[in-house]
Amino acid sequence: MKRAIMLVTAALLMTTSTGVFAEQTQADRNECLLLSRNCKDQVDDIYTRMQRLEREIQKGTRVYTPKELRQLQEKLAETQEMLKDMEKPGR
Amino acid sequence: MSFQKKLLAFAAVSALSAATAVPAMALENEFHGMFKFMGYQTNALAGGDTKDILRKDAHSGFFAEQRARIMYIAKANDNLKLVTHFELDTRFGGIASNHNGTAGYKGTTGNDSGNLDADQLTLETKNIYLDFNEPATGANFKVGLQPWADAYGSLFLLADMTGAIGTKKVDAFTGQLGWFRFDDNTLANDITGPGQFTADLIVADGKFAVSKDITVGATYYNIQNDTGLAATAPYELLHMVGVNADVNVGPANIKPFAAYQWGEKNSATDISAYLLGAVGKVKAGPGAVNFSGFYLSGDKGGTNNNAFQAVTAGTTYFNPANMWLLIRPNQAVNTSTSLTGNDISVGGRGAIGVFAGYDGAMGKTFYNANVGYMRTAEARGAEKKSLGTEVNAQIGYKIYDNLTASAAAAYVFLGDAMNGKGTDRIATYAQTADADNPYLVNLQLSYAF
Chain A
761 MKRAIMLVTA
771 ALLMTTSTGV
781 FAEQTQADRN
791 ECLLLSRNCK
801 DQVDDIYTRM
811 QRLEREIQKG
821 TRVYTPKELR
831 QLQEKLAETQ
841 EMLKDMEKPG
851 R
Chain B
9 MSFQKKLLAF
19 AAVSALSAAT
29 AVPAMALENE
39 FHGMFKFMGY
49 QTNALAGGDT
59 KDILRKDAHS
69 GFFAEQRARI
79 MYIAKANDNL
89 KLVTHFELDT
99 RFGGIASNHN
109 GTAGYKGTTG
119 NDSGNLDADQ
129 LTLETKNIYL
139 DFNEPATGAN
149 FKVGLQPWAD
159 AYGSLFLLAD
169 MTGAIGTKKV
179 DAFTGQLGWF
189 RFDDNTLAND
199 ITGPGQFTAD
209 LIVADGKFAV
219 SKDITVGATY
229 YNIQNDTGLA
239 ATAPYELLHM
249 VGVNADVNVG
259 PANIKPFAAY
269 QWGEKNSATD
279 ISAYLLGAVG
289 KVKAGPGAVN
299 FSGFYLSGDK
309 GGTNNNAFQA
319 VTAGTTYFNP
329 ANMWLLIRPN
339 QAVNTSTSLT
349 GNDISVGGRG
359 AIGVFAGYDG
369 AMGKTFYNAN
379 VGYMRTAEAR
389 GAEKKSLGTE
399 VNAQIGYKIY
409 DNLTASAAAA
419 YVFLGDAMNG
429 KGTDRIATYA
439 QTADADNPYL
449 VNLQLSYAF
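Taken in order, these protein sequences are the chains called A and B.
Reading the first sequence from the start, the letters are residues 761 to 851 in the numbering used here.
Reading the second sequence from the start, the letters are residues 9 to 457 in the numbering used here.
Rather than coming from a laboratory, the hints here were simulated on the basis of the structure.
Backbone N, C-alpha and C fix where the C-beta goes; we use that ideal spot for every residue, glycine too.
Where hints are given, some of them may not hold.
[Said to hold, decoys possible] Derived list of chain A stretches under chain B, where covered just means 3 residues or more per stretch with a C-beta under 8 Å from a C-beta of chain B:
1) 802-812
2) 833-846
[Unchecked claim] Derived CB-CB ranges, DEER-like:
3) B/200 <-> A/847: 26 to 34 Å
4) B/63 <-> A/833: 49 to 57 Å
5) B/239 <-> A/814: 40 to 48 Å
With the rest of the complex left out, here is chain B:
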């Protein structure tokens, strides 16, 4: 073979191998996202995340806000992908830090961009994590900044956190082990060395499918808070064990759960607390009846701490309640708060909540109506226990498959603990005596793709 022919053959082989190698390197680029517009007429919210508005002669006004979330997934194959997720929040007109807008500039406060001519930095990072199946063990691993929710209706914790979690399925059993570092205040050049002022969560979760209709689970969570900061988590050490189940009986699905907590608030105070709860759904007519409830143990005050412990109020939820004001709404965007500032355990008093509703659809129209009641588990001093009763309803229309428009209204009949005239009210949440009943009307456009 002459040199020219050899060169030609080499070129042909190279080209062939390059062509066949391409599919292995190909990436599937997956884009998803959502956009929500919310308009509120209310005397209870202003676009922040506070409970400062509950007072006598509360003013009613209108504000609007929007949120977009963009998710990009770089998928090498079914066993390997990088998930990235970002958020852009804006209150119409921007959020100011004072009334004349001179302190700071809109865009900084509230991470907003609703000011005249926009142009502010608003991109927030929600998730960046690697998700892969390890071929030798068949286990799935998620490493990086990722979402995590507890097995207790998110009464304990639902948050985006940095960490690593491994999941392995063996027949009907699914086991999960995870570690999250949700706070690290060690300086980059600290002489203490790394990992000294940290807060870690360890998760062990097991689920067993007894049959097609019954799954039982058990969990152990551990938090070691070495930051010395109550804002990170209001305790130094927390153990939490719990059991949960998911049962289908005829047209009903019921998810009961219970958990016990122990640990140390500090060197002088121990924790002993618990939660009970259940979430259910029963198909009825064109829709379904929903019901849910919880009991979070509380404390009358003093040194013995029997109050149920979350991580922070801002990372607790109870979405099955379908409330708008008593519990933060499950449809909320930027304004995501409740009458108790998302503190479901009401400052350690503990809480009892019961909720019921009906949701259904007729063609392109969907609707739901709900009622809920909440009270504290314990009263401190002369305080009363009743927080209030909420009634709400929503009706919506599917403009396209992935675009809906809806209107909702919610009204709370405040309980004695919120609208009392003197020391019978919980002053942390009711800013003045004899507070007005809070309400809201919500108009919404929701697009997901």
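Isolated chain A (complex conformation):
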């Protein structure tokens, strides 16, 4: 019985003290809930997508094959066309 009480007390102490002793790190903060940042399902907005594609294209043949570069360029052109279509004037 004494042993059981000691065990339960130790367990309780451990669980309650964790918060006090643990140092709060950036990783523990849920930035998705707090700042709508670093969300698991976050997707690029259209400008970020274009910037990222441009950055990848600039890496050139050092990183990509000519065929892959063409693919990236086509995706960039497609995204630019999409933005143009969304901003098209007219009723």
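The hints should help you fit chain B onto chain A, whose structure is shown.
Below, chain B without anything else, positioned relative to chain A:
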């Protein structure tokens, strides 16, 4: 193997195949969109799409409007996707059909939702089309309600239309063949059978990249209008052939183009018309100098028709002009009109337009200033030719990467054809003699994602 073990093995295999099959069925859901708020102080616009306000002692007032566009793309993979695109337009306070708001209800007129307590139907469909690459031929196909623009600065046609278009690249050559049915007035139960009262556009487009800096192109467009309606297109048959180029020379990019039209307005009148134009951009200092111009052939009136033919005035644009009033603005949302009600060929008189400007950016600030002049190509009766000279400027600030705020001002010094005192003015556009010079101040918030 016992029955239980067989069952277990079967379950394990089923689970494995289900797990491996999932990636093939996965969809990439892509959402994009834009929102624009526009506030206008002006004596030239009221939130509609008319040119009825140009008159003497024109009143100046303020109105505001907003537009949202939402695009959802269901992407199976890089070779197959469904594109959907919707629009929601609202004038602040709603658009009424009369001053006491008793006829109809706000929300119907102008497809609006700016009335007290909103709650109106405003969702407009822009595009719904399938976009796929056919693996056997390597050709790309777009089938459904999609946007299409001509190769002539949209002076002929820029519109969302139902149709199908195929594109195939072979080395430096890109060929395109398309068919659009932009009007069909055949009743669903018509005894004539299907496809009798229709208007079709056929497109053949070829582009050849001569070098890294020079691309040349040729096009053929054909419109067969069997609707019998001038509002669909003001002719029965139209052929249009044209050539265009895209040339980089040092810091300059120049895009010249020319096209010739022939066909039949009706059984009695033939069409013979043409257009010439160019768009250019030269890097200079922290920005670029823009210039553009066009010549649309016109007609003095009578039976011989030499006027350049578009499809409808509402589906023509010339965005490189960077005008706010002479030509409809390229930033416009719901209020998308010009002094000639978007009729760039000025009721068949033809038009000459020359435009120049400078745009640049400094950190998060961007700016542009432009000047443009337009006149008719031909004068009818005692009418004068000069439509006016516009000067405009805009300054903006990037609040975030994808949110900008800007202010613009535009002023037009009307030409004799617009502010004449008698028969020298074109009465279709200038409602009274001695019309006031139109102006606007535009405040804008623009978000795209």
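How the hints compare with the structure:
| no. | hint | result |
| --- | --- | --- |
| 1 | 802-812 | holds (count 5) |
| 2 | 833-846 | holds (count 4) |
| 3 | B/200 <-> A/847: 26 to 34 Å | violated, 41 Å |
| 4 | B/63 <-> A/833: 49 to 57 Å | holds, 51 Å |
| 5 | B/239 <-> A/814: 40 to 48 Å | holds, 44 Å |
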